[in-house]
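Taking the hints into account, I'd like the entire structure generated from these sequences.
Counting from 1, one number per residue, gives the positions in the sequence shown under the numbering used here.
Keep in mind that the hints are not guaranteed to be accurate.
[Stated by the list, open to error] Using 30 Å as the maximum straight-line C-alpha spacing, the simulated DSSO-like pairs for lysine-lysine come out as follows:
(1) K201 - K278
(2) K201 - K97
(3) K239 - K283
(4) K353 - K248
(5) K201 - K283
(6) K172 - K137
(7) K202 - K97
(8) K202 - K283
Quick caveat, the hints were computed from the structure, so don't treat them as lab data. The structure displayed is predicted, hence computed values, not measured ones.
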Amino acid sequence: MFGSRLLRSMAAVLLALLCVLPALGQQQEPFCSDRGCTQTRALLRNLCDYIVKEKAEYPTIYIGGYYMRTLVAGYEIFGDQRYLDTALAYGDYLLDKQMPNGFWQTGYGPVFMADTGSALGLFIVLYNHANHERQQKYFDAVQRYVDSIQKEGMIHPDGSFGTGWRRVVDGKLTTPLYDEYTLSSALTGSEIFTWIYHKTKKDQYRQIAYHALQWVFSTMRSDGVIPHILGENGFDWTKRDDPQMAHKLFSTMAYGVSGYVGEGVLSFDLYCDDPAWKAWIEKAVKPNVEFLLRTQLANGSWSELEQTSWDRTRSPGIIDYLIWYYMHVDRDPRIANAIRRFDAFVLDAANGKSFGLLNAGAESTTKTDISGFNTVTSLTGRALADILSPGIDAQWDGRK
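Below, the structure is given as structure tokens:
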């Protein structure tokens, strides 16, 4: 009798283990290339320390926003209060920088709504770490921004967003840039308007986000490439039938565009609260995801352009996009492998340095402080955080 009871107890323990093990396996997603993620964690930790030391006050708001979003994720992963305090202080800086007209100077001249959308992503990830007073200020600032966009007529009937303004004179916007812009449509149109919908539940904002993405994906080529439409900089969509313009639109910035568009896509998919729209966007992005998988370079990075090119320095945003797709749409092993290959790429000291990183800390500003390195460093930090904690930058309501 004792033996039978022992066997039954052992069977119960085994059954419990069989139930628990799959759950444990689901908590550790296969995105790190190194055993136990030790090197990946160290690289992110060193980067966060570097940001606190050298990038706490960064005048170009989209780069500063991504640096601080890396710190918020670093705080959630490592629990280091310095990271959160630095990000909160930068959030206060952004609040102070908002102009009475509801917009922000980008930090290098023009007012670009794409850059602004990237920067305001900081308010979104800080929201649940802030006190009530700061939360209200974040919300009010974003509300003024979206109200001003509509007042200024920066949303086209086809759903696309305009570019912004060429300059600011005495605090006033001058020379409006109404041309359709892929990235303002994704980063402000989709991400920011989805967040304001998420907070207010007002359908008008969700509709704007939906139509902005509809326009973006209406421009995608059959091979999955999304063009970089920005008339102000010579990427003229109206001349796309000209071979030289087509090359410029589709071949010179394809990876950076995918990373930025992906940021808007995943925000909309996770928070639009409409099953039909979610099904549409998850299907619409598949050609673009396939393009990214088949054209990843042998070394694990994307874009063959020079080290500091716009395209290459924006390409790390692809990682967050692919992780969302893997976690929420299709657990295709090719995606996990692509992410691991990128992780292995940046863990190599020489490659990491080319992305503004070093395994013993980020590239010092005394050696180089060009915009390209700051951009790629800030975006790679966000990618490393997502590799370690999938979806961390898109947890708008905090960790469940």
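To see whether the hints hold, each was checked on the structure:
1. K201 - K278: holds, 17 Å
2. K201 - K97: holds, 27 Å
3. K239 - K283: Judged against 30 Å, a Cα distance of about 28 Å means the pair holds.
4. K353 - K248: holds, 28 Å
5. K201 - K283: holds, 25 Å
6. K172 - K137: Holds, at roughly 22 Å.
7. K202 - K97: holds, 27 Å
8. K202 - K283: holds, 25 Å
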